[in-house]
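**Student:** Protein chains in written order, with this note's numbering: chain A, 4 to 330; chain B, 4 to 330.
Hint data in this document are derived by calculation from the structure and do not stem from the laboratory. There could be a bad hint or two in this list.
Note that the list lumps identical chains together, so a pair holds whenever it fits in one copy or between two copies.
As the list claims (entries may be wrong) - The list that follows gives simulated cross-link-like pairs (lysine-lysine, DSBU-like), each with its CA atoms no further than 35 Å apart: (1) Lys103 to Lys304; (2) Lys103 to Lys46; (3) Lys225 to Lys14; (4) Lys103 to Lys16; (5) Lys207 to Lys46; (6) Lys16 to Lys207; (7) Lys14 to Lys46.
In case you want the letters, here they are:
Protein chains: 2
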Amino acid sequence: MDTNHYGLPDKKKIVAVREIIASQVHRTPSLTSISLNEITGSKLYFKCENFQKGGAFKFRGASHAVMTLSQEYADRGVATHSSGNHAQALALAASMRGIKAHIVMPENAPRIKVSAVESYGGIIRFCRPTLPDRESTLREVIKECGAMEIHPYNDYRIIAGQASAAAELYEDTPLLDCLVVPVGGGGLLSGSILSTRYFSPGTKVFGAEPEQANDARESFQKRQLIPVRNPSTIADGLRTSLGSLTFPIILEGAEDILTVSEEAIVLAMQLIWERMKIVVEPSAATVLAAVMEHPENFAGKNTGLILSGGNVDLYRLPWMDKTITNH
Amino acid sequence: MDTNHYGLPDKKKIVAVREIIASQVHRTPSLTSISLNEITGSKLYFKCENFQKGGAFKFRGASHAVMTLSQEYADRGVATHSSGNHAQALALAASMRGIKAHIVMPENAPRIKVSAVESYGGIIRFCRPTLPDRESTLREVIKECGAMEIHPYNDYRIIAGQASAAAELYEDTPLLDCLVVPVGGGGLLSGSILSTRYFSPGTKVFGAEPEQANDARESFQKRQLIPVRNPSTIADGLRTSLGSLTFPIILEGAEDILTVSEEAIVLAMQLIWERMKIVVEPSAATVLAAVMEHPENFAGKNTGLILSGGNVDLYRLPWMDKTITNH
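If we strip away everything but chain A, and leave its shape as in the complex, we get (with noise of 0.2 Å):
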């Protein structure tokens, strides 16, 4: 079964997709925090995927693809390239199934987020580190093994696996006013609108985008698909662009994209260390960063925020670094 096959996640198939993973992914906790509900005057429950396996909520769609890839395709083996939280969680999922993962990865990833891949026992090559590398690469290992492409967000099989973040988040919570979930490729946020639309149809979800990608936005705004162009935002998770599948998704069912300022981000992300005593990336905290700095959205409302992921480097903080917090 490939992507095109599965089709658009309806309200079915979300249902379905909990059951399949729910004995893989983590049931991720819903936290409150009475101070950072003081800062911003509105009632925030935040959604931990920094806690989920390989943290980051990529593993739901990693997981919810490989457990639904028939036996035939399966012994073939899977196979994407990232240098982010997704070949984590194609590894990881690969690697609870028994089958292979081939994870392409520019020979510039760093030494941290290679490590984590192999200690996922995934298979890597490495690349020359630009996109149509990338994608040539990909091409190759799938031409010699027969692999399947998992990719990141534009495939319905991951939309469907990452809309069971929200969907548990509003078993656990109140009636929630408002979402706010990080957007890049958009499989996140495409996933909870549909989540929302046949869970908590009277919630409004929002994007939040770095200023310094703001594809989503400008695609949003002008009602058609802008790849981003030479993003600068320490949100490393959020420098890619939406795609086919997901942006006709975001376009139809969000109430706006918001972007925040890199001080805004990093700020967030020091809000939640200090107040919350979790670690979240930056990425994460940019759904904190745009109740700080949209305050007008949220300011008395029951407000869901997905926390992303928590995959940092531990020796590069950005508070520490100058260059970022006052640039």
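Take the given structure of chain A and dock chain B to it, following the hints.
**Tutor:** The following block gives chain B in isolation, referenced to the frame of chain A:
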């Protein structure tokens, strides 16, 4: 009611404490980590007091002491000398009851600790940074305003409050073979021993202590209270000596006091941040360090660990300080 009237906490008292403070404290979660289980070969259950109000278990005891004051005493306020988590906890507990907390702090206390106490409405009196100065300044404050001293650990009301953490852990986990608790002044360890005696008598309780501040181990082995001399550990919460009330309980009920190296504390802290995605302070990390440096006690066992707090200066992380990690 002063601490002598309260007396050694029996089972009935600890049950009562939990009801008294239930509306004030967080019932913190008990977390597990597959990867830390694999690393240690033990099945670990972490009681997350880093998520407690004020960022540490200290709020349990402070809340209990403040809540049980008669109105007459409460009207005069409470007082303590502390530059650590107890200062914050007492200020917060007092503000929740609407009474005054006088906190004597050394004039060289870190700004971050001073502002935390201020943020909870504590009234700070600075003094010179020696123990005699702290004690004489506290006596002055008490003389001036009639406030009741709430000692950070050598007080049965405090010990009974700290006992509630282990009592909750026992309710939330399978039968634990061992429990590991950081030991500084001994309030948390003695409280944990009492809760173990009453609620999980088959569990062996270990104290975890830095080699660089090994007074509890020395006292335990020599069966006499030996004050700490020049502690130079990164675990700033564990630089104090045992008290006359905590020591006998520890002597009678602890299985052993395990010391840990500074390197192990830093490594354990980093592992907890990386693998569990939670922020803990060095004192809290001693418990995992103890499991890693003394595996013979814990291999194949169900082991509870109390993560005592999460108050760290995010600008000064120990793994970035080569003088600490490599000395």
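**Student:** Work down the list of hints and note, for each, if the structure agrees.
**Tutor:** Quick rundown of the hints versus the structure:
1. In this homomeric assembly, Lys103 and Lys304 come within 35 Å of each other (Cα to Cα) only across copies, at 33 Å, whereas the closest approach inside a single copy is 46 Å.
2. Taking the closest pair of Cα atoms, Lys103 and Lys46 come within 35 Å of each other only across two copies (29 Å); inside a single copy the shortest separation is 44 Å, beyond that limit.
3. Taking the closest pair of Cα atoms, Lys225 and Lys14 come within 35 Å of each other only inside a single copy of the chain (29 Å); across copies the shortest separation is 67 Å, beyond that limit.
4. Proximity of Lys103 to Lys16 under the C-alpha cut-off of 35 Å is restricted to the intra-copy arrangement: shortest distance 26 Å within a copy versus 57 Å between copies.
5. In this assembly of identical chains, the alpha carbons of Lys207 and Lys46 lie at most 35 Å apart only when taken from the same copy (15 Å versus 42 Å across copies).
6. In this assembly of identical chains, the alpha carbons of Lys16 and Lys207 lie at most 35 Å apart only when taken from the same copy (22 Å versus 49 Å across copies).
7. Taking the shortest alpha-carbon separations for Lys14 and Lys46, only the intra-copy value of 28 Å comes in at or below 35 Å, while the best inter-copy value is 38 Å.
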